[in-house]
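Chains A, B and C, in that order, give the protein sequences.
Per my numbering, residue 27 is the first one in the first sequence, and the count goes up by one each step.
Per my numbering, residue 27 is the first one in the second sequence, and the count goes up by one each step.
Per my numbering, residue 27 is the first one in the third sequence, and the count goes up by one each step.
Simulated from the structure, these hints should not be mistaken for laboratory data.
Errors might be hidden in some of the hints.
Below, in silico cross-link-like pairs of lysine-lysine (DSS-like), each with a Cα-Cα straight-line distance of 30 Å or less [said to hold, decoys possible]:
#1 C:120 with B:120
#2 A:132 with C:132
#3 B:105 with B:120
#4 C:120 with B:105
#5 C:120 with A:132
#6 C:132 with B:120
#7 B:105 with A:105
#8 A:132 with B:120
#9 C:132 with A:105
#10 B:120 with B:132
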Amino acid sequence: MPQLTIRGIPAERIREVSQPMLEELAAICECGTDNFMIDCMETTSVFAGQRVDTYPFIEISWFERGTETRDRFAFALTKHIHAIGIEEVELAFKIYSEDAYYINGKRFNLL
Amino acid sequence: MPQLTIRGIPAERIREVSQPMLEELAAICECGTDNFMIDCMETTSVFAGQRVDTYPFIEISWFERGTETRDRFAFALTKHIHAIGIEEVELAFKIYSEDAYYINGKRFNLL
Amino acid sequence: MPQLTIRGIPAERIREVSQPMLEELAAICECGTDNFMIDCMETTSVFAGQRVDTYPFIEISWFERGTETRDRFAFALTKHIHAIGIEEVELAFKIYSEDAYYINGKRFNLL
Chain A
27 MPQLTIRGIP AERIREVSQP MLEELAAICE CGTDNFMIDC METTSVFAGQ RVDTYPFIEI
87 SWFERGTETR DRFAFALTKH IHAIGIEEVE LAFKIYSEDA YYINGKRFNL L
Chain B
27 MPQLTIRGIP AERIREVSQP MLEELAAICE CGTDNFMIDC METTSVFAGQ RVDTYPFIEI
87 SWFERGTETR DRFAFALTKH IHAIGIEEVE LAFKIYSEDA YYINGKRFNL L
Chain C
27 MPQLTIRGIP AERIREVSQP MLEELAAICE CGTDNFMIDC METTSVFAGQ RVDTYPFIEI
87 SWFERGTETR DRFAFALTKH IHAIGIEEVE LAFKIYSEDA YYINGKRFNL L
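Just chain A, with the same shape it has in the complex (with noise of 0.2 Å):
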């Protein structure tokens, strides 16, 4: 955690500029980098009687850390993926609760 769930991107684009955002990204949210997954799904999309290339869209799952830094989240991480020529980009944030995480069986607001 935090976790982005990509769908849209090819996981070749995300790659290249996986390090510098992910280094930006760490220092708004205070931690490591290593506490970050980055995830490209396999998706085929239609639309409207067509098969149509999957619109950009990042899914960030994580713990509730606020606006501000929700915000200052959102604006680095489209940034990046614009960098990468990516024009268009929708990101939503999932909000998973400390009390129902679990890493290797031990609830996480236990840890």
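Position chains B and C relative to chain A; hints supplied.
Structure of chains B and C alone, referenced to chain A:
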């Protein structure tokens, strides 16, 4: 948004029904069809020691629209899925918050 | 439901352990094993400029069952994952609402 994330139904089947389905769902949401994303996920499912077909399941990610709209949306979506010969399908609605959703770096509730 | 959405663990490994795992999890939930879905997702992960193995992660989507059941569920699930040689795994529980879940178009809390 709304975003339909589908597992257990081939994209090709969804493609066939996508145009009338989107028109009906967009009318229920009072938005344009181009607000929708339909993404079919690659999954491998297992049950009781066997590989099995993935159970047809659709997660709808959207902003909360209330029970009446949700009921109508679920009924219409299910009808279209049944019409392509998928006899059983389950739907779950996942709520994104307008203050935690970003389009090109800009927070949705400020757009 | 419950629905286990898995990334970073091959479906073949999950298949091997699925029968005893489901029996134990179903006993904890006091439901039948046939209520469960186990879906392994295709992902490509990156980190720090490299393609990397996806970190083992399971999202459990269910209706809220309280802390004690969740702790037991997490402990049992983790035990089975460790038993197939996956040394590290993280779990997150995602709550679906009974009034936003539909089976064949019928709202769950009305069934």
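Comparing the hints with the structure gives:
{"no.": "1", "hint": "C:120 with B:120", "in the structure": "10 Å, holds"}
{"no.": "2", "hint": "A:132 with C:132", "in the structure": "36 Å, violated"}
{"no.": "3", "hint": "B:105 with B:120", "in the structure": "20 Å, holds"}
{"no.": "4", "hint": "C:120 with B:105", "in the structure": "27 Å, holds"}
{"no.": "5", "hint": "C:120 with A:132", "in the structure": "17 Å, holds"}
{"no.": "6", "hint": "C:132 with B:120", "in the structure": "17 Å, holds"}
{"no.": "7", "hint": "B:105 with A:105", "in the structure": "41 Å, violated"}
{"no.": "8", "hint": "A:132 with B:120", "in the structure": "26 Å, holds"}
{"no.": "9", "hint": "C:132 with A:105", "in the structure": "43 Å, violated"}
{"no.": "10", "hint": "B:120 with B:132", "in the structure": "21 Å, holds"}
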